[in-house]
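Asks: Fit chain B to the known structure of chain R by using the hints.
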Amino acid sequence: MSENMARPTKTQVRQEMPTQDPQVRNTNYNEVALGYTDELALAEASRCIQCKKPRCVTGCPVEVRIPEFIKALREGDMWGAVDALKDKNNLPAVCGRVCPQETQCEELCVLARKGAPVAIGRLERYVADWERQQGIKIPERAISCGRSIAIIGAGPAGLTCAGDLAKMGYQVTILEALHSPGGVLIYGIPEFRLPKDVVRAEVEYVKSLGVEIKLNSVVGKLYTIEELLAEGYDGIFLGTGAGLPMFMDIPGENCNGVYSANEFLTRVNLMKAYRFPEFDTPVKVGKVVAVVGAGNVAMDASRCAKRLGAEEVHIIYRRSREEVPARAEEVHHAEEEGIIFDFLTNPVEIHGGEGNWVTGIRCMRMALGEPDASGRRRPVAIEGSEFDMDCQTVIMALGTRPNPLVFSDAPRLERTRYGTVVANEQTGRTKMECVWAGGDIVTGAATVISAMGAGKRAAADMHAYLCSDRSEPWWQEPAA
Amino acid sequence: MYEILSKQDVAPVSKLFVVSAPEIARKAKPGQFLIVRTDAEGERIPLTIADFDREAGTVTMVFQEVGKTTKQMGKMEAGDVLSDVVGPLGLPSEIEYYGTVLCVGGGVGIAPVYPIARALKAAGNYVISIIGARNVNLLFWEDKMRSVSDELIVCTDDGSYARKALVTEPMKELLGSVRRIDRIWAIGPAIMMKFCTLTSKPFNVPTIVSLNSVMVDGTGMCGACRVEVGGQTRFVCVHGPEFDGHQVNWDLLLSRQRMYLTEEKRATEEYDHECTCGTRAV
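Protein chains in written order, with my numbering: chain R, 24 to 503; chain B, 485 to 766.
Some hints here could point you the wrong way.
[Said to hold, decoys possible] Examples of chain R residues toward chain B, derived with CB under 7 Å:
{"#": "1", "residue": "H202"}
{"#": "2", "residue": "I236"}
{"#": "3", "residue": "N239"}
{"#": "4", "residue": "V241"}
{"#": "5", "residue": "N279"}
{"#": "6", "residue": "S283"}
{"#": "7", "residue": "P300"}
{"#": "8", "residue": "F302"}
{"#": "9", "residue": "D303"}
{"#": "10", "residue": "T304"}
{"#": "11", "residue": "N379"}
{"#": "12", "residue": "T382"}
{"#": "13", "residue": "G422"}
{"#": "14", "residue": "S431"}
These aren't lab readings, by the way, just hints derived from the structure by calculation. Note that beta-carbon positions come from the ideal geometry of N, C-alpha and C, so glycine has one too.
Only chain R is shown next, with the shape it has when bound in the complex (with noise of 0.2 Å):
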């Protein structure tokens, strides 16, 4: 090992990372992927040829410092590994095991041309677990500069401002909904994907920089936009996601066993249903359970049920393999489980038999057509080609959209017909002076990652706005 600390080589493998066995694991609720013992992580690390101008930092939407914490990592350096990822990342043991790295950091390591890119994301979890594991460091507290604001949720957002702020000094509140941290952290993603034990170790930091949390907080209907300008906040901002569920607008779509992935999800990993009775929520799983629609949500809700005894999990998705949006690691995973994908296949009804529950689907085979507005193939039904599935759980999982209560009382925001709110991507300001945006309430459902980087330039944005003698316009139209 340390021959080859010392001499990197072109030709060495990069490491892969142990996970529990697919048959074992989708029975269970334990992580899946278990982390780089220390051997492994020092073997990837000493793969960083440390680039004089690392391209891996601009693909990564918080601009970590990657070069220097995989550098502190193999001098054996690990709080100063710490130090280098977390001056960036508020949220790193989250990032380590959700974000999208393939198409972020890693695609742009120079490795990947020659191969495989660093693992950084694993790398960044292997730090950030060590971290935790010693107790995380508590920083010490900015000193205030006397300016308050207020942030609506927290989720992956939310928690990145507010931290960003907080290290300037400045007094923050989030106000969240839900009883509990964390947005989607805490209600989407299941616990064997991102234990919420690492989500409540994230949360606590960015409480211990000064930041208070609020809870069953309802901003729309405890209070508006608008009052809480009035109350004396000098800046607000609003990180309150895509809660909105869809639905396919097809008949039977409210019988009992139909469910929004959201409240399938939230029942599960927020609820923890998957412990019922010892937790009072329960949730229904038969047999055979149809998942509709492909994304990294219908990977999560389709993993649950099996693990929630479903014999059999179908995803239900009217593209082809090629134009599925979930991470390639995610479907890898639920294909490992047993999950089945039925590609091209689109649902056109649900039928209901006694009591109102769900016995079946009807489903339409679909074809690929010229290419819409997505740049994807159009899918497209093939005439008579209808057939029946039993079934007794259905899960849509067709995506979200803003939830409108946020903009109750507050006609000064505008917003796009897709219920997304108008913001300029650079700077997270809106329409409405004084009020900051980022994350899925702008872009439409997106990963956590990208809500993250839109947080922290929303942070750097309003501690600029609010420095400033405000001479400039508040609204300009982004540069195309």
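Replies: Chain B in isolation, oriented as in the chain R frame:
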């Protein structure tokens, strides 16, 4: 944490909590609801606001002990704390001057009807109220309802108190009389509300109901509470809880309310067992 400031047994199985929640009290309006969670393992249950006091910073909730969570709540006392109270959720009742209004409260539904009747009265309406329950043990707030009504009719299904009748009977008599009723609020169990709307339908009097569907978050993110109103899917938590009762698909609501019957029964049985055996501190 939300402290229970006082507890009352309004009826043998119906309890009332006055809970400290100043921020919610500041914003609460008749017709809105709360989501309550007792403890870290608890479920989130919706309870319609029975009263609020902005100055004292309190909200009042009334619940009937029917399942595990409500039984567990029934054992809590003043000084205990509820882990979570969220609200005020849903849209408030549309309170304005209509003329003569009829407020019908059945069973535990008497509680949410009270602040609505009070507000309607304050808006200048002539308020006729009907309150009823299966039997006298489930009846409460006769005095409170009388204080906000110009006329009050009390009935029980079994005749154990006051008039022996279902609430729909005096309702039908009023609607069939020469008196003009401009609007009706009917709140109670789904089956009662269904029959109230069937009663008022031939008379074409707008009838507002407050739907009590299964919920998780109560803020529009899960869709557990979806119902069909006028042929369209609506979320009770954000589009309601009040709807035009003549447009509601009652059979769908009734079937969806039964979705977790088996699990509710199991949780309640295990809870009752634990309470009797004392294996779990309450």
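Asks: So, for every hint listed, does it hold in this structure?
Replies: Cross-check of the supplied hints:
{"no.": "1", "hint": "H202", "in the structure": "holds, 4 Å"}
{"no.": "2", "hint": "I236", "in the structure": "violated, 14 Å"}
{"no.": "3", "hint": "N239", "in the structure": "holds, 4 Å"}
{"no.": "4", "hint": "V241", "in the structure": "holds, 6 Å"}
{"no.": "5", "hint": "N279", "in the structure": "holds, 5 Å"}
{"no.": "6", "hint": "S283", "in the structure": "holds, 4 Å"}
{"no.": "7", "hint": "P300", "in the structure": "holds, 5 Å"}
{"no.": "8", "hint": "F302", "in the structure": "holds, 5 Å"}
{"no.": "9", "hint": "D303", "in the structure": "holds, 4 Å"}
{"no.": "10", "hint": "T304", "in the structure": "holds, 4 Å"}
{"no.": "11", "hint": "N379", "in the structure": "holds, 4 Å"}
{"no.": "12", "hint": "T382", "in the structure": "violated, 14 Å"}
{"no.": "13", "hint": "G422", "in the structure": "violated, 13 Å"}
{"no.": "14", "hint": "S431", "in the structure": "violated, 10 Å"}
The structure fails to meet hints 2, 12, 13, 14 from the earlier list, while all remaining hints are met.
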